[in-house]
Amino acid sequence: MVSDPRAVVAEVVDPEMPMLTLDDLGVIRGVDTDGERVTVTITPTYSGCPALEVMRDDLRARLAAAGYARVEVRTVLSPPWSTDWISEDGRRKLAEHGVAPPDRVGPRDAGPVPLTLSAPAAVVRCPRCGSPATEEFSRFGPTSCTALRRCTACREPFEHMKEH
Amino acid sequence: MNTDHDATNAYQSLVETLGHDDPRWAFGTGVEDVQAEISSPVPDGVDPADLAAYCLMLGDDALICSHRLTEWVTNAPELEEEVALANTALDLLGQARVLLARAGHVEGRGRDEDALAYLRTEPEFRNIALAELPDERDFARAIARLLLFSTWRLALLQRLLGSRDPVVAAVAGKGVKELTYHRDHAARWTLRLGDGTPESHRRMQAALDAVWPYLEELFRTSDVERRLAAAGVAVDPAQTRDEVDAVLDEVLGRATLTRPAVPPMGPINGLGGRQGMHTEYLGHVLAELQSLARQHPGATW
Chain A
1 MVSDPRAVVA EVVDPEMPML TLDDLGVIRG VDTDGERVTV TITPTYSGCP ALEVMRDDLR
61 ARLAAAGYAR VEVRTVLSPP WSTDWISEDG RRKLAEHGVA PPDRVGPRDA GPVPLTLSAP
121 AAVVRCPRCG SPATEEFSRF GPTSCTALRR CTACREPFEH MKEH
Chain B
1 MNTDHDATNA YQSLVETLGH DDPRWAFGTG VEDVQAEISS PVPDGVDPAD LAAYCLMLGD
61 DALICSHRLT EWVTNAPELE EEVALANTAL DLLGQARVLL ARAGHVEGRG RDEDALAYLR
121 TEPEFRNIAL AELPDERDFA RAIARLLLFS TWRLALLQRL LGSRDPVVAA VAGKGVKELT
181 YHRDHAARWT LRLGDGTPES HRRMQAALDA VWPYLEELFR TSDVERRLAA AGVAVDPAQT
241 RDEVDAVLDE VLGRATLTRP AVPPMGPING LGGRQGMHTE YLGHVLAELQ SLARQHPGAT
301 W
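In order, the protein sequences belong to chains A and B.
Per my numbering, the very first residue in the first sequence carries number 1; after that it's consecutive.
Per my numbering, the very first residue in the second sequence carries number 1; after that it's consecutive.
If you're looking for bench data, these hints aren't it; they were derived computationally from the structure.
Quick caveat, the model's predicted, so the values are computed rather than measured.
Watch out, some of these pointers could steer you wrong.
[Claimed, not checked] Among chain A residues calculated to face chain B with C-beta under 10 Å, some are: (1) V31; (2) T33; (3) S47; (4) G48; (5) S78; (6) P107; (7) V123; (8) R125; (9) R128; (10) C129; (11) L148.
[To be verified] Looking from chain A toward chain B, a few residues come up when the C-beta cut is under 10 Å (computed): (12) G26; (13) L77; (14) S118; (15) A122; (16) T152.
[Claimed, not checked] So the derived label-pair ranges between C-beta atoms look like this: (17) G253(B) <-> A7(A): 56 to 64 Å; (18) E72(A) <-> G253(B): 50 to 58 Å; (19) P114(A) <-> R241(B): 42 to 50 Å; (20) V123(A) <-> D138(B): 46 to 54 Å; (21) D138(B) <-> G67(A): 25 to 33 Å; (22) L119(B) <-> E36(A): 19 to 27 Å; (23) T116(A) <-> D138(B): 23 to 31 Å; (24) S3(A) <-> L292(B): 22 to 30 Å; (25) T221(B) <-> G98(A): 28 to 36 Å; (26) L292(B) <-> P50(A): 37 to 45 Å; (27) D138(B) <-> G111(A): 33 to 41 Å.
Glycine included, C-beta positions come from ideal geometry on N, C-alpha and C.
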């Protein structure tokens, strides 16, 4: 009994943020079936994201377990991934696991990118107590996609998936 | 809980992968990525040799700068900074991998990204000198280089968003977002050190003075760039000068630092990094970067 490859792919989780499925993260660009052959197309979050190779292995292993021996995982760079691709469900799961979800950024304006010389003023609520009084203390967290913040109300540090 | 179950699976699958007879490469990637864009045809009217050379230029800038940033891992002044520099290095390494893979594909001599990174000699590298300069364990130097490099590369990649080469355009599309973080990070540190204590100000200024002679090379147009800019694939780097100057002047002004008045380095007999003429420092970078690959070709563990 072979299950739908889309359903199998949808369940594979992100290796660095295992509360999210690859579907939640928005990196699955396509699942194409040609007889017994399955081609999964994914896009990296950041150029050097080391999780990509683990995702590829996970996808192959899960599809193989579901009966698909011939699996090709392709990566595509364009159009570039943005945190706007993270689903509503994904945002909720991030918050539930103590990671403040990213804001929606929308398309970037044309023309030179403006310098940002101080931490962004956007309100990031503490995922623990909900207070808007939080501050960034490092732009780069344990993974490329997160920044480190602390809540000045409950004093807890937390990760923020930064807008990208 | 469903999520707990999934979390376990993520780590379980790591173990499963390692449990297989699946050796890990001791260097490089060892995987032949199925990259949708890499094998795109060379745009009409473009000399493949020029395109390969251009991808090497952009790729080598990122690779060598990434390696210099990586030297700060275990040496940065604080843990968060170490993570920041490592993340920056990782973004650049990711850009380099795609560009080198594209160069190898277009060149058509069977060299993959690993062969290009690990098995070329100094004169075969096409990076600008700024990328290869040593920081001499001076954090201000790392910041000064990153400020110049990221300001310039951001201006470059922005203009490459519309490149007729799909790989160059795709790298630019991802890179603009990444370089925006890198530049902001370097600019904020420049501000903090420049407008900090007399000692931090003095050292930040000295670091700028040390790297500034290598700024001019970033705006010199090589023949390959000139031809490819005319073909809509590359950008003439001279076009980035005004934007780079404006950004640097703004940062230095806010940081109470002075724009160094130093004569530019090179070119030597008309040659610079784009033609394979390097400072002595590139050899030191390659000695470390390539030692394992050269001593143990194809090594796995």
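For each hint, the structure was consulted:
The interface hint given for V31(A) is violated, since its Cβ lies 15 Å from the closest Cβ of chain B, which is over the 10 Å cut-off. Using the Cβ-Cβ criterion of 10 Å, the hint placing T33(A) at the interface with chain B is not satisfied: the shortest such distance is roughly 17 Å. Interface restraint check: S47(A) against chain B, minimum CB-CB distance 3 Å, threshold 10 Å, status holds. Interface restraint check for G48(A): the shortest CB-CB distance to chain B comes to about 3 Å, inside 10 Å, so the restraint holds.
This hint holds: S78(A) has a C-beta 4 Å from the nearest C-beta of chain B, less than the 10 Å allowed. With a least beta-carbon distance of about 12 Å to chain B, the hint placing P107(A) at the interface is violated under the 10 Å criterion. For V123(A), the interface hint is violated, the least distance from its beta-carbon to any beta-carbon of chain B being 19 Å, above 10 Å. For R125(A), the shortest C-beta to C-beta distance to chain B is roughly 21 Å, which exceeds 10 Å, and the interface hint is violated.
With a least beta-carbon distance of about 17 Å to chain B, the hint placing R128(A) at the interface is violated under the 10 Å criterion. Taken as an interface hint, C129(A) does not check out: its beta carbon lies about 21 Å from the nearest beta carbon of chain B, beyond 10 Å. Here the hint on L148(A) is kept, as its CB sits about 7 Å from the closest CB of chain B, short of 10 Å. Against a cut-off of 10 Å between C-beta atoms, the interface hint on G26(A) is violated, since the closest Cβ of chain B lies about 15 Å away.
Interface restraint check: L77(A) against chain B, minimum CB-CB distance 4 Å, threshold 10 Å, status holds. Restraint check, S118(A) versus chain B: the minimum CB separation of about 7 Å is within 10 Å; hint holds. Taking 10 Å as the C-beta contact cut-off toward chain B, the hint placing A122(A) at the interface is violated, the least distance being around 14 Å. The interface hint given for T152(A) is broken, as the beta carbon of that residue sits about 18 Å from the closest beta carbon of chain B, more than 10 Å.
The hint said 56 to 64 Å for the Cβ distance between G253(B) and A7(A), and at roughly 57 Å that hint holds. Judged by the Cβ atoms, the range 50 to 58 Å given for E72(A) and G253(B) holds: they are separated by roughly 53 Å. Distance hint check: the CB atoms of P114(A) and R241(B) are about 19 Å apart, inconsistent with the given range 42 to 50 Å. In this structure the hint that V123(A) and D138(B) lie 46 to 54 Å apart at CB is violated, the actual value being about 37 Å.
Checked against the given bound of 25 to 33 Å, the beta carbons of D138(B) and G67(A), roughly 58 Å apart, lie outside it. Between L119(B) and E36(A) the Cβ separation comes to about 38 Å, which falls outside the hinted range of 19 to 27 Å. Checked against the hint of 23 to 31 Å, the C-beta distance between T116(A) and D138(B) comes to roughly 26 Å, which is consistent with it. Between S3(A) and L292(B), the C-beta spacing of about 43 Å breaks the proposed range 22 to 30 Å.
Checked against the given bound of 28 to 36 Å, the beta carbons of T221(B) and G98(A), roughly 50 Å apart, lie outside it. Against the hinted window of 37 to 45 Å, the Cβ-Cβ separation of L292(B) and P50(A) comes to about 18 Å, which falls outside the hint. A C-beta distance of roughly 35 Å is found between D138(B) and G111(A), which places it inside the suggested range of 33 to 41 Å.
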